[in-house]
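Each protein sequence line maps, in turn, to chains A and B. When we follow the numbering used here, the leftmost residue of the first sequence carries the number 13, and every step to the right adds one. When we follow the numbering used here, the leftmost residue of the second sequence carries the number 12, and every step to the right adds one.
One or more hints might be untrue.
What the hints assert, rightly or not - Quick partial rundown of chain A residues pointing at chain B, CB under 7 Å, derived from the structure:
hint, residue
1, Tyr197
2, Val198
3, Gly321
4, Ser332
5, Val344
6, Val347
Claimed, not checked - Stretch by stretch, here's where chain A covers chain B in the computed footprint (C-beta under 8 Å, at least three residues):
hint, segment
7, 153-163
8, 262-274
As the list claims (entries may be wrong) - Computed list of lysine to any residue pairs in SDA-like fashion (alpha-carbon distance at most 20 Å, straight line):
hint, chain 1, residue 1, chain 2, residue 2
9, A, Lys272, B, Thr297
10, A, Lys272, A, Ala314
11, B, Lys294, A, Ala193
12, A, Lys272, A, Leu163
13, B, Lys294, A, Leu184
14, A, Lys175, A, Ala302
Derived by calculation from the structure, the hints in this document are not laboratory data. Note that CB positions come from ideal geometry on N, CA and C, so glycine has one too.
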Amino acid sequence: MTVDIRVDTGIADPTLVTGTADGGTGTKGFGAQSVLSRLSEWAWVGRAAGRAIVNFLIFVVAAFFLVQLIPGDPLVSSSGGRLSGEALGKAREVYGLNGSLASQFWSYLTSLFSFDLGESIATGRPVAEDMATRIPATLELIGTGLFFACLVALPMSYFVVTKPTNRFSKVLRSYASSAGAIPEYVVGILFLFVFFATLAWVPAPSGRLDPILMPPAEVTGFPILDAFIAGDAEAANSYISHLILPVAVMVVSHTAILVKSLILALDTEIDNPATRFRIASGAPRRIVIASVYRRALPSAVAMLGMIFGLLLGGAVVLESLFGLGGLGQYAVDAVRASDVFALRSFLVVIAGLCLIVYFLTEVATGLLDSRRRDSRNQEV
Amino acid sequence: MVMPTLKSTSETDVDRSAGRSAGAVAGLRRHAALIPFGILLLFAVIGPIVAPQPATEVVGTPSTAPSGDHWFGTDSNGFDVFSRTLTAFRLDILIAIAVTLLATVVGMAIGAIAGMYGSRGGLLGVIAGTLGRTIDLVQALPVMIGGLVIVSFFGRNEVVVSIALALVLMPFQGRLMRTEVLRTRNDGYVTAARMSGESEIRILFRHVIPNSCAPVLENASAIFGMAIIFCAGLGFLGVGIPLPTAEWGNMLADGAADAAVGRWWPALFPVLALAYSVWAASKVTTFISRRRRT
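Generate the whole structure from the sequences, applying the supplied hints.
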């Protein structure tokens, strides 16, 4: 196991600053000292958060300059050449495209940090509002998919690792090694053909809700949860039945990589001296297995960030295939309308989501295994 | 790391001489894993030539099932699915090869510099650190989304698709290279070369890169498979190569709607071609990794 010792000079350590301030408080010195040491134990979380924030800022800047690189005028190309003359000038004013690069950049930054993502060129609706309704829908899809994929992957990995010579576990191993080679669109088309067109087990792949039903009042933004809160069983039923097939596709195409990373982690831990010690000291099988899983957990959790990214990319495909109307479908619609400003906001939002998830997995891994913390100031 | 490379080169020499003396059969058997990929390349060369009907013209009634006239049926536009599947081999494989080459070369360069000089001070260290950070940042974005945004910004043609996919797949190679370089840069022969006064550039090109590029080259065939999948994925989303050009992705985008109403043929055949290409590439991966480990 490698301990990642990264020197990040860009981020000031807040605990050190408070340390010099509290240092000279005489009799309270001992209490302050213990608070201080308690705080500095958590400095790695601050460092991880700082890194995530810096990375996000880089993305924000990169997104701006990426749009600047686009050849031609984005307003002309997105309106199909219909805007010209005075109307074009007015539109440029509205989208803040007049003025120097620096002033454009400044107006982009200020509006971004007041959570104003601008207006879509194609629909004229504020992008932030669209995003707010679509992010929970996409997260619901990804969360359900990830939950069920984990549910399937855990017993699979258990079976493969504990019965390595079994024929079925060899099949599972080769399934795991196909990770990343099973695209969602292929599984999706196959499932649509089998379960919708042939067997008619699921509703038509258009939208999340039957068109005759009214959506429940928005409380959390997560459609299924909202339906339950409103006590609308019919809507909840419809939401769930529309989500079954996309989630099934997600599970089939992404369980492989989960199983693969679990097997990888378990295989290194099962021959570990710690396992042998437990077996030698006569621990029951249950305890041995539990300890193997406990030790494999950090490296498996560390993979979750990457898997979230994969699922997010997959959600774009699934949403446009099943017409689920989430974040991904928004992006595809924006592409069709060549709405570069909506796409730029989409890029920033996706980067933010991914970085939040990476930060959370980093914290979770650090909590599970203190050796994986970013330990710049830790004295061993 | 020096020993295995030396051994494998001497082994290929032995292979070659044995192949000459013992006949082609033994050599063929040893390289059997490369045959699917060879066939794939053959398809890419002859695919558009042997296609019985023009791939971008309406040649029949839309949505007819496979028959004698149209072996794989026709799609909802009246295009011949068989001809389109065959024709698409060339474009998709060319894009995949371009992506693999670009991603591998750029990834190797960035990974080598970031690994070699990332922990140094001065201008070089700053550049190397920035490059290393770029790899991490690009990888933070999901491949599909990065590709989608770049392609939609800069135009839907094969050059942009190749560059966009190479950019988003480059971190995989770059990280691998960086890890390897971090391992080799402190090896004895590098120190020895430095002590004997060789220049930094010579050390990098003569000693570090040759001794750390093997895993990256092994991974190149995996990148090829990913390039095929993501290129078709972009086409499926409607942001890849546009119609009427024959490309598996845009065929699938059409086929998805057909599959939902029970017409299986417009989607099945591009999927089979796609699956075959990815499988052939994975065969090459196992071949190379077995080669490297024996």
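Here is what the structure says about each hint:
no.: 1; hint: Tyr197; result: holds (5 Å)
no.: 2; hint: Val198; result: holds (5 Å)
no.: 3; hint: Gly321; result: holds (4 Å)
no.: 4; hint: Ser332; result: holds (6 Å)
no.: 5; hint: Val344; result: holds (6 Å)
no.: 6; hint: Val347; result: holds (4 Å)
no.: 7; hint: 153-163; result: holds (count 8)
no.: 8; hint: 262-274; result: holds (count 7)
no.: 9; hint: Lys272(A) <-> Thr297(B); result: holds (17 Å)
no.: 10; hint: Lys272(A) <-> Ala314(A); result: holds (13 Å)
no.: 11; hint: Lys294(B) <-> Ala193(A); result: holds (13 Å)
no.: 12; hint: Lys272(A) <-> Leu163(A); result: holds (14 Å)
no.: 13; hint: Lys294(B) <-> Leu184(A); result: holds (19 Å)
no.: 14; hint: Lys175(A) <-> Ala302(A); result: holds (16 Å)
Hint check: no violations occur; every hint is consistent with the structure.
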